[in-house]
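Participant: Input sequences plus hints: build the corresponding full structure.
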Amino acid sequence: MDVIGSFALVLALLAAGYSLVAGIIGIRTQRPLLLKSARNAGLAIFPLVTIAVASLLTLFFENNFSIAYVVEHSNRALPAYYKFAALWSGQEGSLLFWSWLLSIFAFIALFSNRKKHPELMPYVAVILGGIQLFFLTLNNFVASPFGLVGVIGAAGAPHVVALADGHGLTPLLQYSEMDIHPPMLYLGYTGCTVPFAFALAALLGRYPGEKWIHITRRWTMVGWAFLSVGILLGGHWAYQVLGWGGYWAWDPVENASLLPWITETAFLHSVMMQEKRGMMRVWNVWLVFITYMLSILGTTLTRSGVVSSVHAFAQSSIGSWFFSFLAIILIVCVVAYWKNRDYLRTDNQLDSVVSRESSFLFNNLILLAACFAVLWGTLFPVLTEWVEGNKITVGPPFFNKVNIPIALFLLFLTGVGPLLAWRRTSLSSLKRNFAWPLAAGLFAGIVGFAFGDRDIYALVCLILAVFVTLTIFSEFFRGARVLSVRSGANLLSSVGQLTMRNTRRYGGYIVHFGMVLIFIGISGQAFNKNVQSKMQIGSSMNIGPYTLVCQNLDGASNANYTAERATIEVFKGNRSLMMLFPERRFYLASQVTQTIVALHSSLAQDIYIVYAGRSPDDNAPVIHAYINPLVRWIWLGGLVLVLGTVLALVPSRQPQIVLHAEREAAPAAAGASVPVTVLQGHD
Amino acid sequence: MRVSKKLAALFCVFGLGLLFSVPARAQNERAKELGTKIMCMCGGCTDAAGKCTHSGGAFAGPCQTAQNELKEVADRVSAGSSDDLVLQSFVQEYGPTVLISPPTRGFDLWAWLMPFLALLTGAVLVLFVVSKWKRRTALAPAPKISPELLSRVRHQTGGENDVD
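From first to last, the protein sequence lines are chains A and B. Just so we're aligned, residue 194 is where the first sequence starts under this note's numbering, counting upward by one. Just so we're aligned, residue 22 is where the second sequence starts under this note's numbering, counting upward by one.
In short, the hints are calculated from the structure, not lab data. All C-beta atoms in this analysis are idealised placements derived from N, C-alpha and C, irrespective of residue type, glycine included. Any given hint could turn out to be false.
[Said to hold, decoys possible] Computed cross-link-like contacts, DSS-like style, restricted to lysine-lysine with a CA-CA straight-line distance of at most 25 Å:
1. B/K153 <-> A/K722
2. A/K584 <-> B/K72
3. A/K594 <-> B/K58
4. B/K72 <-> B/K53
5. A/K594 <-> B/K72
[Said to hold, decoys possible] Residues from chain A shown here face chain B by an in silico Cβ test under 7 Å; the list is partial:
6. G471
7. T586
8. F591
9. A632
10. T788
[To be verified] Computed from the model, here is a short list of chain B residues facing chain A with C-beta under 7 Å:
11. P123
12. T125
13. A139
Facilitator: Encoded structure:
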């Protein structure tokens with residue numbers, strides 16, 4: 194099986210190389226057959242890499258311990274469903290997995306457009322071929338997952354051996370979400386590749402019109418949705434598995450996933466300026482370029498050991514490959530832009546400062562500032578080491594201090610932006626749209642203060658959350674009321690009708706509402722409580738309004754681990770509420786101990802119990818209890834966000850009319866008619 | 022009389038207890054707060070000493086190193102050292118990497134300044150761009166949309182005040 198996998202990877206590498214070279218020659222010589230063969234070579238990469246992935250998985254399921262990667266990341270006792278997670282748990286396997294996801298995206302992009310955009314697609318095929326060539330080079334020559342276990346024999350010659358068992362999968366990854374979280378995150382990262390390929394192709398080929406920006410936007414939304422889910426699942430995994438009571442630690446690897454997400458978010462807003470008004474073409478192209486480079490930088494940080502992180506792979510020389518790749522990408526982007534900058538030139542105009550356009554400008558400014566702050570904080574220890582010779586720590590307090598005010602301002606813009614009209618917003622419309630939501634937000638703030646909320650950020654977040662929610666709901670309500678009056682349908686079905694008429698707009702509002710829920714959840718952190726105490730059977734501890742009583746301590750074991758378990762009964766006053774069973778497992782193969790958190794989650798708060806193990810002083814069992822308010826709102830917000838994104842990707846039911854003022858052609862005389870462009874809803 | 026003397030003595034004891042317990046509690050809080058400002062230097066985790074849960078370790082924190090650091094903090098606080106002095110003593114012992122956030126002096130000050138400088142520069146740029154684009158619009162006035170067309174569009178889009 195390892196031979197089949199290796200051979201498939203070599204063929205995939207050759208196909209990628211051919212796709213790149215034949216594509217370039219085909220473009221320069223304009224030979225259609227060569228271009229077609231380059232595209233077909235690009236299409237062939239997907240089945241070949243699939244064979245390699247299937248081979249590696251088979252080796253895991255066969256417990257083939259003559260393969261070094263299988264030895265390092267699996268063992269006989271590992272449950273079957275974790276053998277999938279073993280595929281991406283190490284450097285070599287995760288790079289193969291990356292190549293596979295990349296090949297899927299490339300296949301879809303090339304296949305679905307095989308009869309469209311004949312001037313654009315050859316460039317797209319070349320760029321995708323070039324990127325896949327890089328990753329397949331790593332798979333074949335730098336980090337092959339099919340390396341064999343060898344020992345030096347008596348005669349000094351190496352020979353292959355098969356070990357009796359493997360070292361097992363890292364216990365941190367032995368959690369069901371680990372079968373979903375990395376694939377989502379990787380789909381998000383690799384999803385940045387297709388928009389990048391289309392944007393660069395349009396620039397290199399000077400593709401006429403704005404069609405490429407529509408394609409880029411839709412692909413970016415797909416990548417953004419995957420990255421969002423990946424980030425949220427990562428937070429959920431950290432919360433459930435790491436046992437420190439939190440979900441986001443501003444770890445360099447966590448930050449690395451946030452960076453392209455932020456720039457993608459900025460692009461998804463600023464792209465509307467280009468679609469509606471033909472503005473910001475240079476900015477948009479660079480946002481797509483930067484997003485791709487940040488996705489590569491993210492994986493570079495994870496894999497190179499440049500920054501220290503609990504999530505990082507072991508330090509290796511692979512970083513230099515990634516840095517070289519990043520440098521090549523940067524050079525290609527700069528040269529492509531410089532040579533074709535006139536292609537992106539536009540006559541940007543702004544009618545009023547109080548308009549949708551300027552709100553997008555400020556939205557992009559704030560998002561980019563947040564992105565810079567995260568990148569700066571993540572890389573500052575490296576910079577200090579380089580300048581001063583000593584390493585410093587940039588921990589969560591730095592990121593919180595810098596990013597919370599920025600994020601709250603962004604939340605404010607989330608409420609303001611959508612209510613501003615394109616071109617110009619009148620003062621009366623501003624008053625009409627904002628007065629009630631703002632008043633309600635301030636009232637909520639006063640109520641929050643009266644109920645003891647003294648944390649300034651949590652208070653501002655509450656005010657803004659109410660304000661933004663009401664602005665979103667009022668948008669739905671106003672539109673639905675008009676429809677309802679006209680059609681006689683009830684308000685609820687009118688809301689559905691309205692949403693399906695313009696899925697992109699109302700899907701976007703739902704995404705905004707999801708973000709509001711996430712912000713509310715994060716603000717709950719200000720009121721976290723935690724207590725750690727030694728507990729014997731019958732002893733108790735208090736946290737918030739609850740009393741925790743240790744009812745039992747027992748153990749369990751199987752072939753994979755041995756476990757100690759506490760039975761904790763939770764009382765409120767004299768009323769017993771529930772039993773929780775925090776656990777501590779010792780994994781036999783890897784000789785690592787892992788916490789299994791006991792969690793009771795509600796919309797108000799989470800009761801989060803960790804069995805910390807036995808105290809080193811007197812061997813007494815130690816329980817660490819946390820009350821974390823509002824955490825569930827984050828996961829709920831994530832669901833709403835995904836729902837909104839999926840909705841925005843669904844084509845609208847009816848054509849919509851877009852006013853499109855064509856300045857060049859329009860007569861200057863007042864009252865002259867303006868052409869009306871009827872676009873399909875999904876455009 | 023005897024009862025009132027006893028009461029007075031009780032109040033004295035209670036008052037003295039209160040006098041000593043308040044600073045002790047304040048010291049405790051200070052030590053706890055300082056514990057979250059220094060890193061656990063065990064090398065096996067990336068937690069603050071005061072929040073060390075030492076993921077993957079035999080005991081989910083604080084580990085022995087973090088406990089020693091927290092004890093040292095408590096000792097120094099009770100000996101009357103200021104916050105700065107306590108943190109400085111750790112920097113001398115472990116180097117600047119022991120602090121959870123960059124100090125606000127020397128080169129490290131740039132860690133704090135740069136995000137806000139970038140935001141400020143960006144804001145100035147946006148304002149410049151906005152005014153430039155607005156000037157252009159003033160030079161080339163936009164064509165007007167006739168009221169008839171506007172009402173037709175409003176009618177067709179279901180009265181929404183905007184079209185996306």
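Participant: Could you run down the list of hints and mark each one as holding or not?
Facilitator: Status of each hint after checking the structure:
Under the criterion of a C-alpha separation no larger than 25 Å, the hint pairing B/K153 with A/K722 is inconsistent with the structure, at around 51 Å. With a C-alpha separation of about 21 Å, the suggested pair A/K584 and B/K72 falls inside the 25 Å cut-off, and the hint holds. A distance of roughly 14 Å separates the Cα atoms of A/K594 and B/K58; the hinted pair therefore holds under the 25 Å criterion. Using a Cα cut-off of 25 Å, the hinted pair B/K72 and B/K53 holds, with the two alpha carbons roughly 10 Å apart.
Under the criterion of a C-alpha separation no larger than 25 Å, the hint pairing A/K594 with B/K72 is consistent with the structure, at around 18 Å. Hint status for A/G471: violated, given a least beta-carbon distance of 12 Å to chain B, over 7 Å. Contact between A/T586 and chain B, as hinted, is supported at the beta carbon level, the nearest pair being about 5 Å apart and thus within 7 Å. For A/F591, the suggested interface contact is upheld, since its CB lies about 5 Å from the closest CB of chain B, less than 7 Å.
With 7 Å as the threshold, the beta carbon of A/A632 stays out of range of chain B, its nearest partner Cβ sitting at about 20 Å, so the hint is violated. Interface hint at A/T788: satisfied, since its Cβ lies 5 Å from the closest Cβ of chain B, which is below the 7 Å cut-off. Taking 7 Å as the C-beta cut-off, the interface hint given for B/P123 holds, the closest approach to chain A being about 5 Å. The criterion of a C-beta within 7 Å of any C-beta in chain A is not met by B/T125, whose closest approach is roughly 11 Å, and the hint is violated.
The closest approach between the C-beta of B/A139 and any C-beta of chain A is roughly 5 Å, which is under the 7 Å cut-off, so the hint is satisfied.
Hint violations for this structure: numbers 1, 6, 9, 12, all remaining hints satisfied.
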